[in-house]
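Visitor: Going down the list, the protein sequences come from chains A and B. Just so you know, we're using numbering that gives the first Met the number 0 here: the first sequence kicks off at 0 and counts up by one. Just so you know, we're using numbering that gives the first Met the number 0 here: the second sequence kicks off at 0 and counts up by one.
Do not take every clue at face value.
If we take Cβ atoms under 8 angstroms as the criterion, some of the chain A residues that face chain B in the derived model are [stated by the list, open to error]:
id, residue
1, M0
2, I2
3, T3
4, G31
5, N43
6, M175
7, F208
8, P213
9, P230
10, I232
11, G247
Restraint ranges, calculated between C-beta atoms of paired labels, are given here [what the hints assert, rightly or not]:
id, chain 1, residue 1, chain 2, residue 2, range
12, A, G179, B, G69, 35 to 41 angstroms
13, A, Q177, B, A163, 48 to 54 angstroms
14, B, G70, A, G247, 46 to 52 angstroms
15, B, A163, A, S141, 48 to 54 angstroms
16, B, S175, A, S141, 41 to 47 angstroms
17, A, V85, B, G69, 40 to 46 angstroms
18, B, G196, A, V85, 48 to 54 angstroms
19, A, A23, B, A53, 40 to 46 angstroms
20, B, S66, A, N223, 25 to 31 angstroms
21, A, S188, B, S66, 50 to 56 angstroms
22, A, V19, B, I226, 25 to 31 angstroms
23, B, G196, A, T190, 50 to 56 angstroms
24, A, V19, B, G179, 56 to 62 angstroms
25, B, I226, A, V85, 39 to 45 angstroms
Covered by chain A, according to a simulated footprint, are these stretches of chain B (three or more residues, beta-carbon under 8 angstroms) [to be verified]:
id, segment
26, 49-59
27, 118-130
28, 187-196
29, 216-227
30, 231-242
Calculated from the structure, these hints are not laboratory results. Think of the CB as a built atom: it goes at the ideal place given N, C-alpha and C, for glycine as much as any other residue.
Chain residues, written in single-letter form:
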Amino acid sequence: MAITTKAQLQAALAAAHRQVIVKATTSSGGTGLPSSNWARSGQNPTQGATPSTAVATSKSTVGAIPFPSAPSGQKVYIARVQMTQVNASSLEIYDRLSHMGGLSWNSGSSQTVNSAAITRGDTNGGDVVAFLECYGSGGAGSYTASISYTNPAGTSGRTGTAIIPTTNNGSIYQIMNQDGDVGFKTIESVTLSGASGTVGNFGVTIARFITSVPIPTSDSQAANAFDLGLPSIDDDACLWTTHMRSAGATGLLSGFIDFVTG
Amino acid sequence: MAIISQDQLIAAISQHRQALQFRKESIANVAGAHYSHWKTAGRPQAGATPTTAATCSRSTTGGIVYSAPGGSRTQYVGRLMANCTIVGTLTVWDRLIHSGGLDGTVTSPQAVNTPTLPRGDAGGAGVSCFLEFYTGVGSTSRDATISYTNATPTSGQTSTVTMASSQVANSLLEFSPAAGDTGFKSVETVTLSGTTGSAGNFGITLARRIATISIVTANASASQNPIDLNIPTIDAGDACLWFTWQASTTSSGVLQGSIDLIEG
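Looking at chain B on its own, in the form it has when it is part of the complex (with noise of 0.2 angstroms):
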């Protein structure tokens, strides 16, 4: 089943709504960037860092605790809303896959080998990948390529990102698909420019995103309605949600909300 009509969607959220409260205490950031918060304290309760590359899913600890969609009904977002000690904006995703223990001082291509998408479009159409930072690396700033394999799928594909000096623990970065390219179906090395100078802890995530919502006031919160967030469906009930917040400032300040999912 799924939502079709606005008699449908009033049913689903007077009927089969889930309220989910989360707060994500403050972390380190630098202001502009983008950062995780799977490893941050709070509610949900912070993530592992992983290791070899492993599917999420709903059960996973660090994302948000909720329950599957009963029935056949299909599950969606049916309201966000969020509210900040600082201004940023806050986005919700589908962590789909993870892998951590790579190493800031290797140069050679280092093994990542993602296994099969388990949710959505299993070509990674609409699917981004970000190398995700558990523990700070070295002082000198390295590009990092992925080689990956797109939708096609070709193998082989390559994309590139610039690791900063000190690339700090909780931060990510974004790589773009090749151009023609719409998402990422797997991710097989990383390879570094040259040492950092130190092996940090550093991985590769793939996820997709559901929802994003600008805080522009701090301590005043924002909202948007199931139309407002175009409805996004939780992929077969079993999302692993998580939370990314790009920063205003060298903090993260305290992260407060609730997201409703509701069936229909």
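Next comes chain A alone, as it looks inside the complex (with noise of 0.2 angstroms):
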């Protein structure tokens, strides 16, 4: 089944699980770039864990945002997002579908990332983005990244690029592919321009957009079902937000997420 009316809209949102969304204000830097909230702390969802390994996450993974499970034969999907944060920013929605990190700032060499497999939805990845995930500021300096990855077709020793204007705690970099490639299978290895001179520590992270939320001032700002595109949610979805810095210090993020089913 699947929402297809506005009478079983109503009813879903009549019905709709309310999760809450707390996340601390993060360390100044960072302005005009991307950001993480994976590891940024807070009451909910809970922080999450810097990855070592590369690994496949799911809706277990601690740092996941929680969501109800849908009954037999229906979906879930995001209804509505309500989000306040003291600094302007917008709001990405993202199944996070791999991670791994322990990557050096301070290597110009080749640095082995082999990226798990993809587990749902297109599994050869030709609708996902994939990401350098800072969880420890390098040294200073900009630096662009070469990664060597598998497209959606399994052609492997594709080369992607990532702009790294400063290596700053909770930024990332979003890999941008060779050309004539959309998606990433799996990701092989990173290559910095040059060595930070201080070692940090990033990661690869690979994952697939499923909506997001203007943040345009201090205020709260509510998206509905139609702002949104009413999203629906693989059963096992790592539940992941990134945000845009307009400032350093971005100021407490609050806000709920409602999830409906149907």
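Two independent chains are provided; combine them into the complex using the hints.
Guide: And the structure:
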């Protein structure tokens, strides 16, 4: 089944499950860069751990936003989001498919990633995006990264690129495909354009975009089912949020997500 | 088929939705002017500089990569969200036809001869016409006049724009249709009022506007749902989705966002 009528949507909204989200302010830095809420402290969801070796993530991974399971034959949707952050921003919601960490900002050599296989949705990764995710800042300077990956057609040795204006804790840097590709099946290695002088910690995260919510001012911003695209969620999704930083320290992020089934 | 009821809209967004993320790196701008992201690196990847006039489609490199609608369904834009490190206005177009290879030093009429419009109203109603610069031209400001055919169709219609001193790469100049005309069916020639001093490379682009969104706060996103957007149709499920940017400062900033295509 699926929600296909106004009456079904109304019925689903009447029985919505409201999940509160509270994340602490971020440390300063990274203005103008998208940032991850994975390792951001907060009450809900629980702060995610910094990963080490590459693993597939799921609904049960600590750090994922909890959501109800759909009754047999139904789907779970995000039907409403209301969010406030002290500084203007935007909130993006992803299904975090796999992650790894432990890479060094102080290396200009190839570093092994060998990302875990995608376990849900298009397992060839034709509709996924990938990021370098910073868990610990490196040294000063800007860098580019060359990323060796396998594309959704199964061709290995493809080369993606990420631009790193600053190595800032919490920032994420989107990996752009080699021309002709869309998506990533697996990622094998990362090579930075230079060593930053500080090891820090970063990794690779592969995710599937779900929806997003603007937070244009410090006021609360609501998005309804039409604003969000009434996205359905995989039963085992590892729900993860990112945000755009308009200021170094973002201030408290708080709000809720309404999940419906139908 | 088409979406003609609220139930059909709900079914379309819940069952037939492609959420497509995009990102374009920053390019040099002149504040207040209009720029093309056709050649900008990012996702989608940069398009090639065209030569002779050619039609563009869903499969043209440089447009957003997406799947055509299934069955007999019609495709629409169901949602648009964007943020940027700089304030400005983003417009999404269906890039119908483009050409390149025009020369900023040639003062005789330069042939364009655009092919038949591939999608939408065949007479060109609602079609916009741009001079698109792939390489900057010389430092002398000149007028550029096109000879075009309107929807009637009447050939030999004219419209003029002024090329600024040192018109830069990626910039766009939009022609206004002559009084009484509603768009451009085809463009035959471009004639400069004099040499700019340097050849550069520019061409004609015909496009149909799909959606526009203003980003009023840097790094804070703006979003529009299908009602805000007037549920614009993706003609024939084959549009070449192209971004342009109206700049507020001397760089475009890094542009990121997502566009949802729905079917019903």
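Visitor: Could you run down the list of hints and mark each one as holding or not?
Guide: Hint by hint, here is what the structure shows:
Nearest Cβ of chain B to the Cβ of M0 of chain A: about 11 angstroms, over the 8 angstroms cut. The hint is violated. At about 5 angstroms, the closest approach between the beta carbon of I2 of chain A and any beta carbon in chain B falls short of 8 angstroms, and the interface hint on this residue holds. Satisfaction of the interface hint for T3 of chain A is found here, the shortest Cβ-Cβ separation to chain B being roughly 4 angstroms, below the 8 angstroms cut-off. Because the smallest distance between the Cβ of G31 of chain A and any Cβ of chain B comes to about 5 angstroms, under 8 angstroms, the interface hint for this residue holds.
Hint status for N43 of chain A: violated, given a least beta-carbon distance of 23 angstroms to chain B, over 8 angstroms. Checking M175 of chain A against chain B: minimum C-beta separation of about 6 angstroms stays under 8 angstroms; hint holds. For F208 of chain A, the interface hint holds, the least distance from its beta-carbon to any beta-carbon of chain B being 5 angstroms, beneath 8 angstroms. Interface restraint check: P213 of chain A against chain B, minimum CB-CB distance 4 angstroms, threshold 8 angstroms, status holds.
Below 8 angstroms, beta-carbon pairs count as interface contacts, and P230 of chain A has one with chain B at about 7 angstroms; its hint therefore holds. With 8 angstroms as the threshold, the beta carbon of I232 of chain A stays out of range of chain B, its nearest partner Cβ sitting at about 12 angstroms, so the hint is violated. The restraint placing G247 of chain A at the interface with chain B is violated, with a minimum CB-CB distance near 11 angstroms, outside the 8 angstroms limit. Against the hinted window of 35 to 41 angstroms, the Cβ-Cβ separation of G179 of chain A and G69 of chain B comes to about 24 angstroms, which falls outside the hint.
One distance hint, 48 to 54 angstroms for the beta-carbon pair Q177 of chain A and A163 of chain B, is violated here, with the actual separation near 36 angstroms. With their beta carbons about 50 angstroms apart, G70 of chain B and G247 of chain A fall inside the hinted range of 46 to 52 angstroms. A hinted range of 48 to 54 angstroms for the beta carbons of A163 of chain B and S141 of chain A is inconsistent with their spacing of about 32 angstroms. For S175 of chain B and S141 of chain A, the Cβ-Cβ distance of about 43 angstroms falls inside the hinted range of 41 to 47 angstroms, so the restraint holds.
Take V85 of chain A and G69 of chain B: their Cβ atoms lie about 44 angstroms apart, and the range 40 to 46 angstroms holds. The given range of 48 to 54 angstroms is respected by G196 of chain B and V85 of chain A, whose C-beta atoms sit roughly 52 angstroms from each other. The beta-carbon spacing between A23 of chain A and A53 of chain B, approximately 53 angstroms, falls outside the hinted interval of 40 to 46 angstroms. The given range of 25 to 31 angstroms is respected by S66 of chain B and N223 of chain A, whose C-beta atoms sit roughly 26 angstroms from each other.
Range check, S188 of chain A to S66 of chain B: Cβ separation about 30 angstroms, and the 50 to 56 angstroms hint is violated. The given range of 25 to 31 angstroms is respected by V19 of chain A and I226 of chain B, whose C-beta atoms sit roughly 28 angstroms from each other. Checked against the hint of 50 to 56 angstroms, the C-beta distance between G196 of chain B and T190 of chain A comes to roughly 44 angstroms, which is inconsistent with it. Checked against the hint of 56 to 62 angstroms, the pair V19 of chain A and G179 of chain B passes, with Cβ atoms roughly 59 angstroms apart.
Taking 39 to 45 angstroms as the suggested C-beta distance range, the pair I226 of chain B and V85 of chain A does not conform, at roughly 30 angstroms. Coverage of the segment 49-59 of chain B by chain A is violated [criterion: at least 3 residues with CB-CB distance below 8 angstroms; count 0]. Under a criterion of three residues with beta carbons nearer than 8 angstroms to beta carbons of chain A, the stated coverage of the segment 118-130 of chain B fails, only 0 such residues being counted. With 0 residues bearing a CB less than 8 angstroms from a CB of chain A, the segment 187-196 of chain B misses the requirement of three and the coverage assertion fails.
With 10 residues having a beta carbon nearer than 8 angstroms to a beta carbon of chain A, the segment 216-227 of chain B meets the requirement of three or more and the stated coverage holds. Here's how the segment 231-242 of chain B fares: 0 of its residues keep a CB closer than 8 angstroms to some CB of chain A, so the rule of at least three is not met and the hint is violated.
Violated hints for the displayed structure, listed by number in ascending order: 1, 5, 10, 11, 12, 13, 15, 19, 21, 23, 25, 26, 27, 28 and 30.
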